[in-house]
Each structure stands twice: as structure tokens, then as C-alpha cells.
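Participant: All chains should be built: construct the whole structure from the sequences, respecting the hints.
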Amino acid sequence: MSFLPYAVAAWLFLVGVWGIVTSRNLIHLVVCLTVVQASTYIVLLGIGYRTDAAAPIFADIPTSTPTVDPVVQALTLTDVVVEATVVALLLALAIQAERRFGTLDPNELGALRG
Amino acid sequence: MEVIAPLAVGAPLMAAAVIAATGSLLPRLAADLVAVAVAAATCVLCVLLLAQSSGGATVVWFGGWHPQDGVAIGVDFAVDGIGAGLAAFIAALTTAALVFSARFLEAEEAHLHVLILVFAAGMVGFCLSGDLFNMFVFFELASVGAFALAGYKVRERQAVEGSLNFAVTNSIGSFLLLTGIALVYGRTGALNLAQAGQAFAHAPADGLVVVAFALIAAGFLVKAAIVPFHFWLPDAYAVALTPACLLFSGAMSELGLYGLGRVYFTVFSGPLGSHREALEAILIGAGVLTALLGATMALLQDHLKRLLAFATVSYMGIFLIGLGTLGAAGVAATAIYVIGDGCAKAALFACVGIVQHRLGGVTQRRLFARGLRIRRTGALFALGGLLLASLPPSGPFLGKSMLDDSLIAANYGWVVAVVVACSMLTGGAVLLAAARVFGGLGTHPTGDRFSEEEGGEPEVEGSRNRTPAVMAWPAVALAAASIAVGLVPGIDRAATAAADRFVDQPTYAREVMSGQRVAVPSVSAPPLRAIDWPLGVASVLGAVGVAAIALRRSRSTGSLAAVADQLDRPLTAIRALHSGHVGDYVAWLVAGAALLGGLVALAAS
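Chains as they are written, first to last, in our numbering: chain B, 45 to 158; chain U, 1140 to 1744.
Hints are computed from structural coordinates only; laboratory data are not their basis.
In this text the structure is predicted, and so the values were computed from the model without any measurement.
Every residue, glycine too, gets a C-beta built ideally from N, C-alpha and C.
Fair warning: there could be bad hints in the mix.
Said to hold, decoys possible - If you want the footprint, here are the derived chain B segments under chain U, 3+ residues with CB under 8 Å:
| no. | stretch |
| --- | --- |
| 1 | 96-109 |
| 2 | 125-132 |
To be verified - One-sided and incomplete, this derived list gives chain U residues near chain B with beta-carbon spacing under 8 Å:
| no. | residue |
| --- | --- |
| 3 | Glu1300 |
| 4 | Leu1303 |
| 5 | Ala1726 |
| 6 | Val1729 |
Facilitator: Okay, here's the thing in C-alpha cells:
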């Protein structure tokens, strides 16, 4: 059990958020969002990881063999699928923003205030 | 009986898939009828679940994977009174929204129906789920539908920007939530609420519990639009298609608070229960701030949908105050308040949809005095304002009175003043807009530097000279429902009994893990205090007074104007914070999450 995955996750979260806050381009912003999301994968996989354990496929190993936790891997996969939808939607919106505003810079959108 | 709960989620999803597959072949009327029929059927299923809930929670294990030796192997729906009631309310609102949208313009493929049905299925699934990760997935399913509905009018600049802000901030909220869920799993080895609650029952409030709870709470509070996580909400609600607004304002934000309550009471009440007072202070403090900010901002808005959006923020604050008492009385009051107030806000949004159709605008400066020719819509809109101000004896009045009583009982008597002030201000904001638009009173509002662009695109097909019946009747029905909630005999008793069970972790865990249903004992709800009636009347009069003062303010030069000038600068500063810039919103979100984490850590130390 190491703290490294959690440190990496925290770093990814912060650096991604920093990217979103300072972004000057919506495509860049959406990619930064996926960086933030990558932190959740690391946390999930880090929780299920066991040193020197096998992959949780019991076809050719005895069922008593220690394996890493398959549940978190399933969660990660679901998480990937869910967020792929969101990212696709966001990229579509970014294309629309470029059409309507003529720019991808979030600083120059400003149709909503106060 | 086991089939009802899965069907309540499966039916709208299946219908959405069928409509999506056959949309280009189906005539519009068929798509409308199928969608409305399925939404109504979902509502009936949820009401059946609600009726069953008096005999104990309905627990369904998918695939027959029942728990073994205290370990939940499978994934379950665990339906209790509060969950089933909220699901039934969502399904009813969906039905109204689908009827309302029957005349809305759209591409041939009936995408609107598909999105609304998927959105509703996600929300209903969230209410019924007994599993942390499934709650996350259902919320995401609903959210993706909501993002698309907010950005549905892609040819409008505001819709694109509002939907972007909505999707980015809420996704980060989801990541916080998921990280918290992962930590709970890491500690307890359980994603099932009941099993995680049992594992935590006698655990101390150590660092991991604090961090996990703070992350989950922050995630849900982003969805519930609590200050400082609220910035996305007015942007999203102001631009969304009107039928979507009905569902957003009535149900979606409230789900965030439901999720927080559900997870706190079933999982975290063990380790955090001994620090309950400090936790109450945090939640009620955030609620007070949100309620006041939302109410103030509502009063300053020119754009009618944005006005209602800020009123929603204010009410989210009030509901958080109710939940924040962390007791059954507060939960029961909030449950009734959510339904009464949700119907009233949905009726108000429906009125704005009618105004948009008939008069071709949504800002007060454009609509000033033009509503004189649609008096009946005006009367309904003003009634909605009175309902927000908790007109006795309506649903919002009953909810507010029960909330006030529970606050007094929990030694938070001073918060009653905040609740009354916010119902006055939000009700007053709606009445002020009604007086300007439908009565031509006061002076013609002019735009200021915050003025929004007007959405130019018409939403509804057909002549502007008449209101389609499918738009008028849902609005009337929703307002009537809001009043009726306060008049149903025994509703306070039923809500109190359901809330008693909602906060009861040991019984929840036993029902889910051992499969034995425990009948909900009937309780007597405490009668309203004598002070509640005068408070209700005072709120209504106060709302009328707020509107009258604001109408006069633009003319007067006396002391009132001097006070207004004093307030001008701080109010402008607060409005300027709502910059519409997604980076700013995310910065607030992260700062708020860090603050919440720090406060929860202090509370648990």
C-alpha cells in the first residue's frame, strides 16, 4: 500500500483544474477536464491494487491465488464510458461555440452575466 | 411485486430507445403520445412503490444476487417512502413537461422526447438505488440528458455558453463524488449503502471518513447549487428549453440534496453522528448564505428565467437548512416543501414559456406592459409568486411552517427569520416582474451592463395569437397541485413517518441486508405552532411590500433612494461575481470544496 497513487491523483486533479481555470481555448479546456478525470481512475485502480497479485482471471490459476480487486476495474471502465459521453457532448458544444461566437476563447464568450 | 421498481427505470429508458430508433418514421403525435403515456405509467409505478413503502422498504436484488453472510454481492434498489415519493414527483413533473412540449418545434427525429425520458429515467433510478456507485451512474445519466437539454437551442449563443458552464462544473462535481465513493469502498469494501453503513457504524471519524464525506458532500452540493458551487445554475436554467426548465427547477437540483441526505444517514451517521452539532452548523450556515444570495439576486434580475433560476438557488438554500437539522422533522418538512415549491416553480416556468410564445421575449425591459393582453397567464404568474411567498394554506406554506417548527425545536430559531425573508424576497421578485410585465406598473426597466442577450429563437410552433391548450393546462395543473399539497389530509403524518425511516440507519441496514421488511409505524405529526399562520400571512404581505417598494424605488428621490444608492455598490460587486466565465466558476468550486473539507475536518476533530 503506497501513497504514490494518491499523490499522483491529487497532482492530476490540481493540474487539470489549473488548466481549466486558466484555459484560453475550449478544446484545451475539455482535454484538461479529462486530465482531472484521470485522477479518479488512479484513485480507483490504486485502491484495488495489491503488490505481487495476479490479474483477476481465474481460468488458468487456482481460485485461492491473490488477485487485484476486479470491482474497481469495472468501476473505472464504467467511469470511462460515462465521461466519454460527456466529453463528446462538450466537444460538440465547443464546435457550436466557435460557430456562434467566432472564437474558442472562454474569456470572449460572455453572453451570460450578473 | 419485485418487478415494479426496475420497471419504473426501465420503462422510460426503453421508450426513449424505441422513440430514438423509430423517430424518423413516427408521426409527431405518436411520439408525443408514447412519451406521455410512458411517463404517466412511470408515475403510477412510483406511486405504487410509495403505497408499498408503509410496509417497509422494497428491496430488489438484480439477478437474484442476495447478500451472503453480511456481504452484498449484487446491486440493489432499496425503495423507502422518501425515495419513492421523490421518484413519483419526478415522474409527475416529467409527464407535465412532456405534455407542455407537445407543440415545441424540433427536428423530425423526436430528440426532445428521448432526452427528457432519459433524463427522467436517470433521476428516478437515482432515487430508488441502494448502491453508491449506481447512484453515481444514474446521476451521470440524468446529467448528460440535462446538459443536452440545456444546450438544445444550439443556434443561440447563450445556450451554448450556459450548457458548457453547466457540463464542466457538474462534471468536476461528479469527479469529487466518485473519488469520495472510491474512498468509502477502499475502507469498507462495500458500495452498498447498507453494508458500508454497517461497516462504518462504530468507526471513529478519522481522516479517511472526513475526506470521503467532504468529497461526497461537495459533489452533491455542486449538483444542488449551494454557494459557492451555485454559479452554473442560473446560466443553465436561463438558456434551457422551457420543458426542461420545469424538470430542472422542480426536481434536478433537489436530487443533490436527496443524495447528500441518503448517503449521510445510511453511511456516515455512525462515525459523524457524535459530531452532529458542528455538522449542522456547517450545513445550515451554507444554506443560509445560499438562501440569502439567491433571493437577493432574484430581485435584481431582468431576465424572467434567470429570475426564477435564482429563486431556485434561494430555495435550494432553504432546503439545505431543512436537511441540515439532520433530524426527521427537518427532513419531513423539506420533503413537503420540495413538492409544494417544485410544483409552484414549474408552474412559473410554464408561464414564462407561454409568455415567450405569445409575446416573443423573456426580459422585463422588452415585455414591459405587453402582458396586458394575456391576463390569465399574468394571474397565474402572480399566483406563483404568492405561492413562493408561502401563501396559506398551500403546499409551500405547510412545508415552510413545518420547517420553521423543526428549526425552533433544534434551537435554530433565528434561521426562521432568514426563511421568512427569503420567501418574501423571492415571492416579491416574481410579483415585481408580474406587475411590470402584466400590469405595466412602475417605470419601464432599462438594460444595465449585466443585461442578457435576448434569446431570439421561437420555441413553439403555431400562431402567436393564442396559447395552445397543451401549454396552458400543465401550468394550471401544476399551480393547483402546489396548493393541493397543503390540503391533503394526513400528508404531514405520512411525511414524518417516512422521514423517521429515512434517518434510521440500523433499520435500513437490517431491511436491506437480511431481507426482512419492517413496517413503518404510524406517527402523529406535531400540529403547526400558533405562530405559523401569522408568519405565513406576513410572508405574503412582505412579498407584496417588497414588490411595491421596488416599483417605487425607480421613481423616488427621498430616503428610499438614498438607501438604494448605498446598497448599489455591494450588489453590483456580487452580480459581477457571476461572470459567466467557466474558469471562474471552477475556481470557486475548488475553493469551496477545500473550505468544506476544512470545516468538516474541524467539526470532526
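Participant: State for each hint whether it applies.
Facilitator: Right, here's what the structure says about each hint:
| no. | hint | result |
| --- | --- | --- |
| 1 | 96-109 | violated (count 0) |
| 2 | 125-132 | holds (count 4) |
| 3 | Glu1300 | holds, 5 Å |
| 4 | Leu1303 | holds, 5 Å |
| 5 | Ala1726 | holds, 5 Å |
| 6 | Val1729 | holds, 5 Å |
Comparing the model with each numbered hint stated earlier shows that hint 1 is the single one that does not hold.
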